[in-house]
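Chains as they are written, first to last, in the numbering used here: chain A, 1 to 371; chain B, 372 to 820.
Simulated from the structure, these hints should not be mistaken for lab results. There may be inaccurate statements among the hints.
[Claimed, not checked] So the derived list for chain A, only partly shown, Cβ under 8 Å to chain B, looks like this:
no. : residue
1   : 148
2   : 150
3   : 151
4   : 220
5   : 242
6   : 249
7   : 250
8   : 252
9   : 254
10  : 275
11  : 280
12  : 313
Glycine included, C-beta positions come from ideal geometry on N, C-alpha and C.
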Amino acid sequence: MSRLQIFYWQSLPKATDVLQKDESFTIKGNYFKKSIEKLGETVFSEWEVDKIGVELPFGFATADIKRLAKDDSARKKVREALKNDTYLLLQEINKLLVEARKQITDLSAHGQPENCKDVVIILDNLEKIERFDGAEMGLESAQKLFLQYSTQLTAIESHIIYTVPIDLMRSNDASIIGKLYDKSFVLPMVKVFQRDGETPFEIGRDAMTEILKKRLGDIKREDAFTDDALDLLIKYSGGHIRTFLLFAREACTDADVLPISAENVDYAIDSEYQNISPNFFPQYTWDVLAKLDLSSNQNINVKPEQCVEVLEKLLLFEYINGDDASVKGTDRKNRNRQTPWYAVNPIYRELDQFIAAKEKLTKPQENDEAE
Amino acid sequence: MTKLNNLDSEIQILDEKRQMRNLVNAIKFADSFSLLFVRCNQRPRQKEIIEELVKQLDDYKIKIIFLEHQIEHLLDELQTRLGDEKYDAVFVYGLESSFPKANEAAESKFVVTLNHSRNSFKKVLNCPLVLFLPEYALSAIYHGATDFYSIRSGVYLFSAKAVETEQLISKYSSQEFTELEGLLFEERQNRIKTIENLLNEYQSLPNSQCDFEKENKLKLKLAALYSISNNYAVAATIYQQIIEATRKSKSYILLGEGLNCLASVYAEQNKYKEAINLYKEAIEVAEKTIGRNHINYAICLDNLASVYTSQRKYNKSTKLILEALDIFEKTIGTNNPEYATILNNLATLYKLQGRYKEALNLFEESLNIVKETLGKNHINYASCLNNLAVLYMEQEKYQLALNIYKEAYRIWVKILGRNHYQAKKIYGYIETCQIKLKNKAKLPVPYKN
Chain A
1 MSRLQIFYWQ
11 SLPKATDVLQ
21 KDESFTIKGN
31 YFKKSIEKLG
41 ETVFSEWEVD
51 KIGVELPFGF
61 ATADIKRLAK
71 DDSARKKVRE
81 ALKNDTYLLL
91 QEINKLLVEA
101 RKQITDLSAH
111 GQPENCKDVV
121 IILDNLEKIE
131 RFDGAEMGLE
141 SAQKLFLQYS
151 TQLTAIESHI
161 IYTVPIDLMR
171 SNDASIIGKL
181 YDKSFVLPMV
191 KVFQRDGETP
201 FEIGRDAMTE
211 ILKKRLGDIK
221 REDAFTDDAL
231 DLLIKYSGGH
241 IRTFLLFARE
251 ACTDADVLPI
261 SAENVDYAID
271 SEYQNISPNF
281 FPQYTWDVLA
291 KLDLSSNQNI
301 NVKPEQCVEV
311 LEKLLLFEYI
321 NGDDASVKGT
331 DRKNRNRQTP
341 WYAVNPIYRE
351 LDQFIAAKEK
361 LTKPQENDEA
371 E
Chain B
372 MTKLNNLDSE
382 IQILDEKRQM
392 RNLVNAIKFA
402 DSFSLLFVRC
412 NQRPRQKEII
422 EELVKQLDDY
432 KIKIIFLEHQ
442 IEHLLDELQT
452 RLGDEKYDAV
462 FVYGLESSFP
472 KANEAAESKF
482 VVTLNHSRNS
492 FKKVLNCPLV
502 LFLPEYALSA
512 IYHGATDFYS
522 IRSGVYLFSA
532 KAVETEQLIS
542 KYSSQEFTEL
552 EGLLFEERQN
562 RIKTIENLLN
572 EYQSLPNSQC
582 DFEKENKLKL
592 KLAALYSISN
602 NYAVAATIYQ
612 QIIEATRKSK
622 SYILLGEGLN
632 CLASVYAEQN
642 KYKEAINLYK
652 EAIEVAEKTI
662 GRNHINYAIC
672 LDNLASVYTS
682 QRKYNKSTKL
692 ILEALDIFEK
702 TIGTNNPEYA
712 TILNNLATLY
722 KLQGRYKEAL
732 NLFEESLNIV
742 KETLGKNHIN
752 YASCLNNLAV
762 LYMEQEKYQL
772 ALNIYKEAYR
782 IWVKILGRNH
792 YQAKKIYGYI
802 ETCQIKLKNK
812 AKLPVPYKN
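Build the full structure now, drawing on both the sequences and the hints.
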């Protein structure tokens, strides 16, 4: 469980930045400083240690160890050293968290500090862990972390969000995960089209525009991107924010004058097409995508691991209806609309390989009918 | 609307000037770390692009890093190379040497660590990092280091000059085995590298542009180079790949070549059983495709015979060689240097069995054929002389051997020069002959010969 603790040294102090400035917030404890110092003596003596035992609010302490980031054996040693103290560490963390949360709720009752109500810890990137505690890379590691160590992961006395790999949530263990943790959410693409892939969905499009505006600073959206340009950006991003911003950035490097035109965006998207060499993907990828695209319901007739692969590689996007907030009540039909649905990434949708794979799937049926 | 590019049939290259301008802009716009890929399949072309970039970014402090040798950790390498110096942009090329072959690249340690360390790059570099890569390497990053790829700010594509690649491929795939044998050690290592790079380039081409035959021909040469370098294991693996691929695609000519080559590798390692099986399959393939009345079929028989000879199964090999000779006689006639080669093999076989008289006759016959067909100033003629001389040496007819060796030496020197190893070897034999003759003169004349 050492990975979790190391995470704490790094991210919790950051999370308390807001509170740090507030002088009325006082929690102290020297357990962590002491334990880190102990760690320093036993483990890090042979390595460069930049700073050790820097004290932070909440009584947490940090150690910057250069080697740690890249040296596997260093990580292993730290892990070993911390392993025996796991429960003690958890206890101490919880002591502080409980105290912190109590003080925050007390303070917020008096409207101070502003916008602070409770502690939520987000552990990002956890879904990208490739190897955990001697388990095989990939799914097995994720299983070990989220299933075997669930008691420790849920032992933190605070709201805590973990990011989970897609393949784990699509394996047979998904139901167990549902039991071990409170709730699982999907982080979908922003819905910018209805399920037919053509009718624009205004709420989602506005959200995308809003994100772009945030990046533009003082420049008005209309002065930076023409309406047509924005349309193209949204259409070909498929509601994937990173792609959206990547295209926007590439369109910027192509533009000579403002506002950036549809032609610039077009070029940015074109260069993305250029990068998708057919050799990047084996033929079955296109077959899987075609099958998924042609299936109107969710009875997807492909192997789960292939489905996960296309999701992970961002060939397939997952959506959840964004307008369902308005649908309430016990109407079964409407409730069903909450289930996720899929659409092929608009970039790949127009590639010849995909179109050919789709044709291949539809043609034999026609022949059958003819016979 | 975005037009569709028909990528499979024809790579439509975007205007490269525009790509260059956008790349320059991307470098200029970056106010901290940003990751840019330049996809270009040829090293010289990469260098040209770098030169052009440096020219256009003339007030930028640019660090150009060439990674000549294999590295395992890009970030570490950058840290050591950059030191505490601050730069406005860092260009890295030569990363190919850190990628294994195209099909294994995605799982390599180098690619996996790239993914692990993705978030640490911005801590080390506060400027754009431009990586120049061939397509297969970029594909490996895409698959093996998806998260690293996802932090990119752009990929810029520059075409390789297809003609150059084509020329190189046809140049290297048409070289004869004997030519490859003549390469110096270092030349051979370089050639292996070049061919491997070409193959990687080839494998990253879209399917329609891949020429199956060319690719496998190139592979044959690569394997031959490994085999000459005594790296039999690697050579065998490559031959096996070729055999598998050609078996599937039913390209029988290449399959036959692959089988024969792999068999010769096994024979070289004294793995006679494996060699015999492969040669037998090659004979089968030849029989099915070209029939029994074809010199290539006869050559296959001769190959198998050579293994039996090594195993001292002289009866079996004699039978095969005689059959081969018969085919040669029927198809290309006796007045042919190829026929002479087989004749030579039969003669050697007789010599091994101690049938010196028959051997002598055959050696002389083949010598005559070669003299008539290729002339006296030919390597094959010299080889024939050599064989004859060896026979005389074994029979302790040193004077005869010496005369023939002298003639052979004259030809070798004329064709390949005094310093060629063959010439030196023959010179060595001449000396041996002379010593033997001297010793013989000193010895008391035996009472009875």
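Taking the hints in turn, this is what the structure says about them:
no.	hint	result
1	148	23 Å, violated
2	150	25 Å, violated
3	151	27 Å, violated
4	220	20 Å, violated
5	242	7 Å, holds
6	249	6 Å, holds
7	250	5 Å, holds
8	252	7 Å, holds
9	254	5 Å, holds
10	275	5 Å, holds
11	280	5 Å, holds
12	313	7 Å, holds
Hints 1, 2, 3 and 4 from the earlier list are contradicted by this structure; the remaining hints agree with it.
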